[in-house]
Amino acid sequence: MFKTLRKAVPPVFVFSLFMIIANPGSAEIYKWVDENGKIHFSDRKDHSVEQEVVNVKPGASKWSRFDIDVKAVDVELSEEENQQIVDGVNNVYEFFDRVMSFDMYRTVPVNILIFRDRAQYQNYLIRNNRGMAVASYGLYIPSEHQIAVYVRENRSLTFKTIKHEVSHAVVDTIVPYAPAWLNEGLAEQMEMLERDESGLYFERHQENRWYVAQAREQGRLTGIDQLLKLSSDKWRHSEMSGHGSLRAQSGQFVYFLLSKPTRRNFVVRLMHNFNRGDRTLAYYLVDDNYIGGVSMLSLDWSRWLHEQGKRIVRL
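Heads up: the sequence shown is residues 1 to 315, going by our numbering.
Heads up, some of the hints might be wrong.
[As the list claims (entries may be wrong)] Once the Cα atoms are required to be at most 30 Å apart in a straight line, the calculated DSS-like pairs of lysine-lysine come out as:
#, residue 1, residue 2
1, Lys229, Lys310
2, Lys45, Lys310
3, Lys234, Lys260
4, Lys310, Lys260
5, Lys234, Lys45
6, Lys229, Lys260
Don't read these hints as lab results, they were simulated from the structure.
This one's a predicted model, so the numbers in the text were calculated from it and none came from an experiment.
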């Protein structure tokens with residue numbers, strides 16, 4: 001039987017920041033204009049050019065929390081667990097509104113279906129997914145505006161899967177031309193998205209970190225230029241052919257990009273380019289949107305990998 005849990009949540013207003021997102025405790029952002037009239041931004045002071053400090057002034061956003069429709073099939077969810085799901089989904093929506101600068105006033109229509117176990121979940125997919133049982137912990141089904149998952153032994157992992165699939169629902173709806181590495185990388189990070197009294201933050205994705213460290217040690221880590229040149233079809237083919245570290249690398253690469261305001265701004269620029277219908281491979285957008293271009297991006301990535309990055313990234 002189906003048990004529907006629906007919980008109303010009072011409105012909470014957040015801030016939609018300017019295109020460069022800067023936390024109060026982060027480094028200053030500098031702006032300068034080159035000889036060709038092109039505007040540049042950086043978090044590094046360069047005494048060879050005339051720079052000015054950018055003051056980021058947040059403005060009010062229309063974003064507010066949403067009611068989330070959760071249906072449990074032959075499984076009981078406690079009020080606390082239901083609230084955890086509601087909070088997790090709203091955190092993902094807030095991320096795309098406040099950090100990615102997409103107006104989430106109109107929510108992405110999603111209903112969440114939670115099955116008792118893997119067998120029940122796969123049977124549902126066979127009946128509703130063109131006869132195919134997908135080997136996964138959860139799945140976003142666009143035609144139904146639905147996320148289907150099953151309860152794992154560690155229920156907290158089930159709730160992480162829900163956040164992962166909600167991210168896919170958002171990106172597939174508002175940024176359908178986002179490359180697979182970016183779509184999947186964001187979803188991997190949404191699993192780790194949490195909130196405390198200071199706001200949203202990411203914890204380090206330990207599983208992805210381990211996979212990337214192993215791939216790097218064995219010389220199997222894909223070069224950033226290669227990753228950015230992958231079309232979505234080629235990325236998915238590589239992933240399905242057993243190149244498991246590619247998903248982990250996409251997640252870690254997005255974590256690296258989100259870990260610093262200037263790099264975060266690069267992700268925002270890419271997402272809005274794709275939102276406008278740009279189908280250019282990400283590699284060819286780097287030089288115009290990342291200071292120092294592909295070579296600097298690769299160097300920054302290598303340094304970050306060596307340092308292992310921060311355990312927690314606040315947004």
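Here is what the structure says about each hint:
Only pairs whose Cα atoms come within 30 Å are accepted, and lysine 229 paired with lysine 310 is accepted, the gap being roughly 27 Å. In summary, the hint linking lysine 45 to lysine 310 is supported, as the alpha carbons are separated by about 23 Å, within the 30 Å threshold. Under the criterion of a C-alpha separation no larger than 30 Å, the hint pairing lysine 234 with lysine 260 is consistent with the structure, at around 29 Å. Proposed proximity of lysine 310 and lysine 260 is supported: the alpha carbons are some 10 Å apart, at most 30 Å.
With a CA separation close to 39 Å, the supplied pair lysine 234 and lysine 45 exceeds the 30 Å bound. Between the alpha carbons of lysine 229 and lysine 260 the distance comes to roughly 23 Å, so the proposed pair stays at or under 30 Å and holds.
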